Amino acid sequence: MTKLKIELMVNRKKRKIEITPSTRLIDLLRDDLQLTGTKEGCGKGECGACTVIMNGELVASCLVLAPQADGAVITTIEGLGSSDHLDPIQEAFIESGAVQCGFCTPGMILAARRLLEENPHPDEEEIKRGISGNLCRCTGYQKIIEAIKLSIARLSKSDSGKAK
Amino acid sequence: MEASFGDLKKGQKNCQRTVPCQYFAPQKIEEALEILSKYGKEIKIIAGGTDLLVQYYDRLYEVSAWLDLKNIEELKEIKIDQNQIEIGAMSTHTQLESSADIKRYYPILSQAASDIGSPQIRNRGTIGGNIVNASPAGDLLPALIAYRAQFKLVSHKEESIVSAEDFFLGPKKTILKFEQLLSKIIIPIPEQNTYSSWIKIGKRKALMVATVSLALVLSMAEDNKIIQEVKVCLGSVASTPFEIMEIREKMIGRQFKQLDFNELGQLVEDRISPIDDIRGTKGYRQEVTKNIMINALEKIQETWGQSQND
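Protein sequences, first through last, are from chains A and B. Read in order, the letters of the first sequence correspond to residues 1 to 164 in UniProt numbering. Read in order, the letters of the second sequence correspond to residues 1 to 310 in UniProt numbering.
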């Protein structure tokens, strides 16, 4: 079996991993690194449950081969806050009731995070476009949009909206 | 053999079998071409992966070698060279959407890129992948044909340049040979007084494969009154994206006020060969194609009219 050694920065930690070339990034994250906050829904880039931030861009980790992420900087939901100190977007999701079954939530929060990094004051249309790659089958999106609006207010006050 | 992999969960643990799988990520095109000539059909070229990894979702284990183009910097450049633009095949849809040069000279290429998939897909998917994948619904393809794009194909032996309309042979079929790589897309800078319109019809806004798409690019003569050139190109209504040639003789040399939009819409409808599929029926596609042709003409006439008032 051919194995490749790759090195990547995941949630501010340098990780060296041996993988087979056809391993997908999502499998590397979930199986090799045990970062199971990243979810697999469709496996075909349609649902966004596997969304992570890679080199500052939102990507579907089911459509990235692990070796393509060699040298990359990756943020998963585990890299946003801790259970003691939630990220302001995570807090806003809880307060707004934007979490029901929770399966879309990690991807949705990362999409929101990336949107607000790029555009700290999006209007509703821009919010919708920012999360257009993430499906939610529970909430009907309204509470998610409210949560992101609440995050905008929080982040602009605390000025903690920088990339972590 | 199959039985032993039957219990694999879909798409997961794909390479956990005994077939060796190799991975190459060269930094130079020349190296990539050497690898291609050596491995031939056995190797899969991967750019953004947003189509390829969907196609190989449940059979990634079949791939015995990958050629990843991610490290080849010259494939990522978008640059103006005299009276044309050169777009590296690895330029992403996000790059096309945000490039000031593309927005200025090829607005509907930028719009078509911004209509693709989702942020996640646009950040990874590339113009080269969209072309080589050759989906009849490929979002960039009607605009590329309408802007008279040419593709540069390179192999370890030779280089060639081919027009966009000669590249596509059928669904997922192109003239590209296995030892060739699409390296760049070359588009002439349009004349002044060029107007364009892009319309994509589908079931939702995001992550939508077009049911019908239309790109219309029209240039006026210097007086900005007489139509000098026009291209109407369609997606998802034939086996490849293609131009409706017959439109030219009905429009070139005329002024807007001499055109019968309804007749032009009908002409487009008559020249397409759509099929029934999951995204729409043949009849629906015919009717919608006619209507979006009329809409596109109306939009262009409106923009042109504003330029007359300036």
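Everything labelled a hint here was simulated from the structure, so no lab data went into it. Everything numeric in this text was worked out from a predicted model, so none of it was measured. Beta carbons: idealized from backbone N, C-alpha and C, even for Gly. Where hints are given, some of them may not hold.
[What the hints assert, rightly or not] Residues from chain A that keep clear of chain B, each with C-beta distances beyond 10 Å, as calculated:
id	residue
1	Thr2
2	Leu4
3	Met9
4	Lys13
5	Lys14
6	Leu33
7	Thr51
8	Asp70
9	Ser82
10	Ser83
11	Asp84
12	Glu95
13	Cys101
14	Lys143
15	Leu150
16	Lys157
[To be verified] Cross-link-like lysine to any residue pairs, in silico, SDA-like; alpha carbons within 25 Å at most:
id	chain 1	residue 1	chain 2	residue 2
17	B	Lys103	A	Lys44
18	B	Lys250	B	Asp276
19	A	Lys44	B	Gln22
Against the structure, the hints:
1. Thr2: violated (5 Å)
2. Leu4: violated (6 Å)
3. Met9: Consistent with the label, Met9(A) stays out of reach of chain B, its closest Cβ about 17 Å off (over 10 Å).
4. Lys13: holds (23 Å)
5. Lys14: Lys14(A) clear of chain B: closest Cβ-Cβ about 20 Å, beyond 10 Å.
6. Leu33: holds (15 Å)
7. Thr51: Per Cβ check, Thr51(A) is inside 10 Å of chain B; nearest 6 Å; violated.
8. Asp70: violated (8 Å)
9. Ser82: holds (26 Å)
10. Ser83: At roughly 27 Å from the nearest Cβ of chain B, Ser83(A) sits farther out than 10 Å, so the non-interface label holds.
11. Asp84: holds (30 Å)
12. Glu95: Check passes; 25 Å lies beyond 10 Å.
13. Cys101: holds (20 Å)
14. Lys143: Lys143(A) is indeed farther than 10 Å from all Cβ atoms of chain B, at 19 Å.
15. Leu150: Since the minimum Cβ distance to chain B is about 21 Å, Leu150(A) lies beyond 10 Å and the statement holds.
16. Lys157: holds (26 Å)
17. Lys103(B) to Lys44(A): Given pair Lys103(B), Lys44(A) is violated - Cα atoms ~30 Å apart, limit 25 Å.
18. Lys250(B) to Asp276(B): Violated, because 29 Å separates the two Cα atoms, which is more than 25 Å.
19. Lys44(A) to Gln22(B): holds (23 Å)
Taken one by one, the earlier hints fail for this structure at numbers 1, 2, 7, 8, 17 and 18, listed in ascending order.
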